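**Q** Protein chains in written order, with our numbering: chain A, 1 to 322; chain B, 1 to 349.
You may find that some hints are simply not true.
Claimed, not checked - In the BS3-like style, the derived pairs of lysine-lysine whose C-alpha atoms are separated by at most 25 Å in a straight line are:
hint, chain 1, residue 1, chain 2, residue 2
1, A, Lys38, B, Lys324
2, A, Lys95, B, Lys273
3, A, Lys95, A, Lys131
4, B, Lys191, B, Lys273
5, A, Lys178, A, Lys95
6, B, Lys324, B, Lys191
To be verified - Some chain A residues flagged as far from chain B (calculated, every beta-carbon gap over 10 Å):
hint, residue
7, Phe42
8, Ile61
9, Leu76
10, Pro92
11, Ser98
12, Ile105
13, Ser106
14, Trp111
15, Asn132
16, Gly150
17, Ser166
18, Val168
19, Ser285
20, Pro288
21, Leu295
22, Pro303
Since the hints were derived computationally from the structure, they do not count as laboratory data.
The model shown is predicted, which means the values in this text are computed figures rather than measured ones.
Where is the CB? At the ideal position from N, CA and C, for every residue including glycine.
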Amino acid sequence: MGGSLIPGIQQAIMNTLQYMLFYLIFSLPLTLSYRTTKVINFAHANFITYGAYVAIFLHGIMGLNIMSVAAILAFLITGAIAVLNNVLVFTPLQKRGSSPAIIMISSMGLWIAYKYLLYMTTDIAHYYTIKNFVSYGRITYSDVPRGSVGGVELSQAFVASLITASLVVVLLYLLLEKTKIGRAMRAVADNPSLAEISGIPKSFVVNLTWFICGGIAGIGGVIWTSFSGAITPEAGDSMILQVFTVGFIGGLVSLLRTGIGAVLIAAIENVGIAILNTYFGVPVSFRPFLTFVTLITTLIVSPPLGAGGGLPYRFLKRGSRR
Amino acid sequence: MIGFDIVGFMISWLTLFGIYAILSLTLNLESGTAGITNFGKVVFYGVGAYVSATLTAYLILMLNGVDVSETPPYDIEGIILLGELGNKSPLLNIGLLVLSLMIAFAVSGSLGYLLTYPILRVGPAFVGFTLLSSGELLRIFLQHYEPVGASKGLMAIPTPFGWIADSRVREAAYLSLVLGLLALTYVVTHKLINSPLGRTLRALRDDEIAALCLGKHVPRIKATILFIGSGFAGMAGVLLAYYLTSVNPNMFVPAVTFNVWAMIILGGFGNLKGSLLGAAIITFVDRVLTFVTPQLGVTVISPDYLRWVIVGLLIVIVLLVNPKGLLPEKPIKTPALDVVLEELRGESR
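I would like the entire structure built from these sequences, with the hints used as guidance.
**A** Dropping the structure here:
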């Protein structure tokens, strides 16, 4: 290495890869759920946190440290929560003809309720076990191998997220492109009314989408417990800016562009903050500002008009008086 | 057995109600009437609170000849000095209040104005999300910015009425200040909503494209409304900082924004009286939870968490059961409408 221009650039690149995998696992389900159901779900952060806490409660109360078990359980639980949200809240609101903004606000309400419900659960669990669940340490799993490629140590989190992200991408591709139910999901995404007329069971397809999306985000949360040093009930919330920005770069429609967004945001955050930290002494905790700048830039330069309405104001020339 | 302090309860409830009602009135103007999904109300509230806290703490120390580079107000010595020097001059305290209110209005308002630029082009989801995340960024910034006390925040902020000896009178004086500003906010928002601008806002909320085609300058209207709404939110922040005499980053979590949202949803979108009612109900529940829970001896469940769960579920349930809220929006009767009705009636006769 020697006189590298940026000390720790190797670490920054490793972090970029690691966060890219996390953002893929968190953001792909967000994009998929929006384009199929047309609901901007801010409670998406809860899926991640609840997934993480499934693993934490398994580890802290039952002493279980097998990631595959935690992942399967988290998939089922967060998937079920997502379906429940849809059946109890989103579908009734949509049937009544509420505007997308109203449905979004209801998802905000769910977000707050779920978040503090988890805080209460951790308090109760603390009362019975005398363990600190509000800031839980990293979990070492017994069933995930550690790797080493070309002299670079690969952590458990990296191996697990690499496997999961690859599986998610491949399986989603196969599901959406090769199976009948996947074609039905795409049909509902493109034109819900037409899909319903042509005999596609729309509510089943929508529920299935929610189940898959909630579940994948939950698995991401489980993997997060092997990465983060202090997992709190805010784990999902602290990533919501990045996860949504990645989704917005994909316009909340294109899964491919969401993937590109994941790479972009991970690189901007990790390499960018390494450079700023070295040359300008910017604290590392200011990395979300880089994502925010990217978000603002995306909104100004290439406003995603497809999702959630919006007007092409670009034709309003500067100085045109109205 | 200590009797229940009913006057203390009323003062604390009404003060909190006044502060939150300013927020809910302006949020109703922005979101209920103009259709801007402002999920970042807490940004402008927090900026206002920090502006007044920083301004007051630093100016009090500096005007008393303390070198703030050596004993900054967030230091333990600074806090003690603030307590000693804070309430010596009534004129200075009142002057600082007025100055804080003006600067907080200007700073919060300008921030709201600037934030409309990137969000003009996109729909409600992106607007809401951008404002929401700016709230989180503000919190991260405050947590790491040393001059405002980083994660500890600022404490022992001298209050405008600190020179009044009797605590009851002091609280009552503060309450009248809060209610006075609330009345000002109500008059301004009421006038705005019932003006031609207010009717344009409703048009914009219901169909932005139609409003644009009718020649309304949608971007400028939105920016103006966010300037006014955010400015008043900044003033509410000033009131909060002086009321609690301390600020710290964790007071300004996104849940605060949704507390205000719950108020306008419960009270009714686009109805100002509804916002007042919603604010009154929710702050009342909040105060009751804080006053009652310790007396029940429940320690496992924190009243803070319980309150936020209630707020979250309330938003969902009201939207599901009664989306118009307790006091639904009423159509506005303008003089022009009366004339038209008169003419129609005249013709039919």
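**Q** Against chain B, does Ser106(A) hold up as non-interface, every C-beta pair farther apart than 10 Å?
**A** At roughly 5 Å from the nearest Cβ of chain B, Ser106(A) sits no farther out than 10 Å, so the non-interface label is violated.
**Q** Does the claim that Leu295(A) lies off the interface hold, with its Cβ farther than 10 Å from every Cβ of chain B?
**A** 7 Å, violated
**Q** Find the nearest Cβ of chain B to the Cβ of Asn132(A) and say whether that gap is larger than 10 Å.
**A** Since the minimum Cβ distance to chain B is about 15 Å, Asn132(A) lies beyond 10 Å and the statement holds.
**Q** Could you check that no beta carbon of chain B comes within 10 Å of the beta carbon of Leu76(A)?
**A** 23 Å, holds
**Q** So is Ser166(A) really clear of chain B, every C-beta pair being over 10 Å apart?
**A** Holds, since 29 Å exceeds 10 Å.
**Q** Has the given pair, Lys324(B) with Lys191(B), been kept, meaning a C-alpha gap of at most 25 Å?
**A** 22 Å, holds
**Q** If I take the minimum Cβ distance from Trp111(A) to any residue of chain B, is it greater than 10 Å?
**A** 7 Å, violated
**Q** Mind verifying the non-interface call on Pro303(A)? Its CB should be farther than 10 Å from each CB in chain B.
**A** Not fine: 4 Å to the nearest Cβ puts Pro303(A) too close to chain B.
**Q** Does the claim that Ile105(A) lies outside the interface with chain B hold up, using a Cβ gap greater than 10 Å?
**A** 7 Å, violated
**Q** May I ask you to check that Ser98(A) keeps its beta-carbon over 10 Å from the closest beta-carbon of chain B?
**A** Label violated. Min Cβ-Cβ 7 Å, cutoff 10 Å.
**Q** Would you check whether the claim that Ile61(A) is not at the interface survives, using Cβ distances to chain B and the 10 Å cut-off?
**A** 16 Å, holds
**Q** Is the Cβ of Phe42(A) farther than 10 Å from every Cβ of chain B?
**A** Non-interface label on Phe42(A) violated, nearest chain B Cβ at 8 Å vs cutoff 10 Å.
When each numbered hint is compared with the structure, violations occur for hints 2, 3, 5, 7, 10, 11, 12, 13, 14, 19, 20, 21 and 22.
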